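**Student:** Sequence:
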Amino acid sequence: MISLKILKLSTALSSLVAMGAAAPAWAQDSSASESSDQSIVVTGVRGSVEAAATKKRKSKQIVDSIVAEDVGKLPDNNVPEAIARVTGVQISREHGEGAEISIRGMTDISTTINGNDAASGVDRSMNLSDIPAELLKSVEVYKTRTPDQIEGGIAGTVNVELRRPLDLDRGLTVAGSFREVFSSIGNTKSPYGSLLVGDRFDTGLGEMGFLVNASYTRNHYNETFLESETPGVFAGTDLNSLPADQRTTTIVPYAVNYGVEEGRISRPSVNAVWQWRASDQLDFVLEGNYFSSREKRSRDRLHLVARNGTYNLSDITYADNGNADYQTVQGLTVTPATGILAGGPEAYYEKVKSENYGGNFETHWHNDQTQINFTAQYNKSRRENYGILSVYRFSTAQSATLDMDTDVGSGRGPYMVFNGVDLTDPSEYLLSNLHDERSVETSRSLSSQVDLTQKLTETGLLRSFQMGARYSNRKIRFTNGYRDSSPRVAGSSPTLDDLGYDYTSTTAHVSGFDGPTWFNLDGASLLNNFDAVRSWLQSTSTTGADWSTRYPDLSVGNGYGSREQTFAVYGQFNYAFDAGVPVDGVFGARVVNTWGISDSVQTRFDANWNPTVTTSSGRGNFVDVLPSFNAIAHFTPKLQLRLAWTKNVQRVGFYELRPSRVIELNNLTVYAGNPDLKAYTENSFDASLEYYFGRAGSISVAAYLKKPKGYIYYSVAQEYVPEFPGAVGVPNGSVWTNRNAGGGTFQGYEIAGQTFFDFLPGILRNFGASANLTYLAKGNIDYPDGSDNNAIGMSKITYNLALYYDTPEFSARVAWNYRSRYRTGVFSDYPEFSPYMDATSRLDAAINYTPVKFLTLSVEGTNLLKNNAQMWWGKDRLLPYGVRLQARTIQTSARFRF
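Counting from 25, one number per residue, gives the positions in the sequence shown under my numbering.
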């Protein structure tokens, strides 16, 4: 019923947009909209919507934009949240903010800053959440590509445009903002602040400008989750409790969890720019930026293993989910056949620090016929992670009772009870293991590019020719290490009371559900007393020697490094002709040679888990030819049709390519990289019919067909491993690695419209609306595991509805975002149980009041209906994965500009 109402509302808003398009010409400010050379000053909601429409209309590619309403004011709190309102874009959310992005059902995107490649750590792209919204001028989502753009990201490119001083008014500009965000879960408060100082002035050497734009944000988050892990069949003594004919077909999650994730992410950032326009023909840009995130977070959970191989099972009931191949366990009681129950609290405390430095130099020269651009960039990043995990068991646990599918108040999830345990008694908590781990990843890259544009003719077919070349050199390194301990006091595991360190309580707060409260060591307290903790472990643990140093040895883990170089050349023609209607566009090709070398650690564990560490290396060299064709047919000054064909390539990630293997002889399992992976390629066919009217009005209908090949996914398979016993060539072990899938098809349609109702009388003319809908008719990848072939991150339906009100003194916005269910991973062991996220939706609103010209006060709310994230195992909802609670936030802010 709710979905039906939403669709009706979507139809109503689309009709309102169409009314704006059909309004009489005398009711529209056509003179303002039709002047293509007019400089648009972006202020307020109307200015933002108008500037985005202008960018889309003039672009050579199919692109959608979000433009800041004013200095320091993007419509949402971060980049992913803002572009979630763009047609064809879907996002996932993590820790109360937008996170992973997919475009038209595909998740492999590239990121650029002011058109220059931007990546962080060992990744191919940058975490856009680390770029504060306050620093941005606009965000552009490119759905097609021309040869002059950097290769990579077959889903599309997200370009972040930072402000530059010559964008500002002449003279001194000082602007800033402060926000406080209040969250409904955990009663957290999150401050955000920014300050921009810029000056634009004339000198005897030409016009100059400088700008410094700084921001500091701190996001406090608190998320409760109830979830299950990895469905599979029983093993070991567990099987004795099952009928012989059901032992290979009875499915149950590996474990269930109640938990809370809480923490804070601080993000200090600064962007500094100097510009010099020496003449009308020559200018220079020198800029540097620093983006950082520093996070402290805890993940405390009550954990119970449901299939341990050492249980006696009883009270087994089965779910009625209609699956003919497997019986899914609804509930059961597990009792240890020997030893202690495999369950209890687990507390993970982590500190993560990420720093990204960037430098960019540009110079541009042109005359009436020729334009030459040169750019050079240097980027450096470092990400360090340190975490400490404490694992507990209950000394009095006799058994545990589980229900895998129960109403937990805010959704469906697991329920568990530890029988015989008093959760309020710390003497029943035994410290089973204390584990810590550290990883460091670094990246350095240097690139340069030169571009030439030469006008050919004013009236001929080929109007201009562009060519250019780009060289890049990037070095990355990842190292990690870990260590474990099993402390003993008087021959037994110590209790919380024995340790003498602070412990804290955690409660799974879920509305309508009586969540338990349990204890665990406080991670921050452990780190504050870590020298004493290590000294204690050295005297009480059989692995005490490993704890003699502050951090674990970074050579123990699965480290790797790589140096990758690329050289690309491109050529493209800008053309125009008349075929009854004016047609113009771009065609050409980009040719990229990529070569590199990588090294990696290989670790082999013998039957007694003694490691042997060696190194290995690999090389690669390959060439990609990427042609493209773009055409725009202008039926009228307001109506145009875009057609595009593009070939794209997505380079394989450094982690996936590493020539690394961790060999575990004890359980005949290998965890490996795959240097034989092929690049992920795609042929894309796009069409977009666009109609523009009024100052900010537009309606567009688009269709696309993407044919990818070589999608990369992670899975396990039985393969021959030379280090394991068995006949040569006969599969004798489980190998977990990334693999190339076969081909695929992504086919979809988009419709979007926006307008302000300038034709209406009185205050009604200040209202505006926007609506967009993306329908992905097909989003399939040919996985070889026989699964349903739905692509990861692919939602069939996504739509956005928004209603605006805008005057110089007062503005308001109400926005609704909906995304249908989508697959979140490939579960190759049991494809029918691959994880899916249920449909998600959010209602946001904002009110802005400008009492004086230089000051704006705002109140904004996100997730006003407190919609949560519900996940399932299997597209047919065979078993609840669980639910994660998401907070409603209310924020107040003040912005000033002089």
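I should point out that these hints are in silico values taken from the structure, not numbers from a laboratory. For clarity, every value in this text was computed on a predicted model and none was experimentally measured. Worth double-checking, as some hints may not be accurate.
Claimed, not checked - In silico lysine-lysine, BS3-like type, Cα no more than 25 Å apart, as pairs:
| # | residue 1 | residue 2 |
| --- | --- | --- |
| 1 | 877 | 802 |
| 2 | 377 | 479 |
| 3 | 82 | 733 |
| 4 | 662 | 702 |
| 5 | 662 | 733 |
| 6 | 320 | 377 |
| 7 | 899 | 733 |
| 8 | 733 | 79 |
| 9 | 702 | 499 |
**Student:** If a hint holds in the structure, say so; if it doesn't, say that too.
**Tutor:** Right, here's what the structure says about each hint:
{"no.": "1", "hint": "877 / 802", "verdict": "violated (50 Å)"}
{"no.": "2", "hint": "377 / 479", "verdict": "violated (48 Å)"}
{"no.": "3", "hint": "82 / 733", "verdict": "violated (32 Å)"}
{"no.": "4", "hint": "662 / 702", "verdict": "violated (44 Å)"}
{"no.": "5", "hint": "662 / 733", "verdict": "violated (37 Å)"}
{"no.": "6", "hint": "320 / 377", "verdict": "holds (9 Å)"}
{"no.": "7", "hint": "899 / 733", "verdict": "holds (24 Å)"}
{"no.": "8", "hint": "733 / 79", "verdict": "violated (32 Å)"}
{"no.": "9", "hint": "702 / 499", "verdict": "holds (20 Å)"}
Hint check: violations occur at hints 1, 2, 3, 4, 5 and 8; the rest are consistent with the structure.
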